[in-house]
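There are 2 protein chains.
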Amino acid sequence: MADPGAGEPAPVRIEVRVELKPNVADAEGESVERSLGLLGIGGVRSVRTARVYELTFEGISAEEARRRANEAVERLLANPVIHRVDVRPAPA
Amino acid sequence: MADPGAGEPAPVRIEVRVELKPNVADAEGESVERSLGLLGIGGVRSVRTARVYELTFEGISAEEARRRANEAVERLLANPVIHRVDVRPAPA
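Order-wise, the sequence lines are chains A and B.
Quick note on this note's numbering: the first sequence kicks off at 1 and runs consecutively.
Quick note on this note's numbering: the second sequence kicks off at 93 and runs consecutively.
Just so you know, the hints here were simulated from the structure itself, not pulled from any lab data.
C-beta atoms are modelled at their ideal positions from N, C-alpha and C, and glycine is treated no differently.
Honestly, I wouldn't trust all of these hints.
Derived list of chain A stretches under chain B, where covered just means 3 residues or more per stretch with a C-beta under 8 Å from a C-beta of chain B [unchecked claim]:
| id | stretch |
| --- | --- |
| 1 | 32-39 |
| 2 | 43-53 |
| 3 | 57-64 |
| 4 | 72-83 |
Take the sequences, apply the hints, and build the full model.
Put into structure tokens, the structure is as follows:
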């Protein structure tokens, strides 16, 4: 379909980082914090966790990939009541 | 103890990113990929996930914080058989 010289757009990798808002309790982070104390690893004031989704799109432009990643965040990956989200091109 | 003008070292934030090695199946990523298809969000070739732990240390130097973060990785946060880990200063 596409010009064989140009080919399809290269795959586009988008990184979505989902973390809890600062005022929302982070149970996993608190659990890690306690475990570090039990292991004798001191000096830890706090532990917060985040989830990263690396989405690889193919056959679409970078702009369209970004739009779809934002749609994925809104419809599946995050809850705006409790999450803070960052969407960016994945590091090379 | 410390010079009151200098005070304690500022808190040090270290970010630990734990992801599955490329040859290890990522069940959560596959589940997200399927769900995106069901939602009609197309063009997704793959989804990989990672866990981020942001460790905040206090009362110790940046070098010592880094050493303790590496110890936390070895003893608690990752399994070298299946995980790839990145430890770095947290972005400001």
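- request: Verify the coverage statement for the stretch 32-39 of chain A against chain B, using a C-beta to C-beta distance below 8 Å and requiring 3 or more qualifying residues.
  value: holds (count 4)
message: Using a Cβ cutoff of 8 Å, are there at least 3 residues of the stretch 57-64 of chain A near chain B, or does the coverage claim fail?
response: Holds, because 5 residues of the stretch 57-64 of chain A bring their Cβ atoms closer than 8 Å to Cβ atoms of chain B.
- request: Examine the stretch 43-53 of chain A for residues whose CB is less than 8 Å from any CB of chain B, and state whether their number is three or more.
  value: holds (count 11)
field: Claimed coverage, the stretch 72-83 of chain A by chain B - three or more beta carbons nearer than 8 Å
entry: holds (count 4)
The structure agrees with every numbered hint stated previously.
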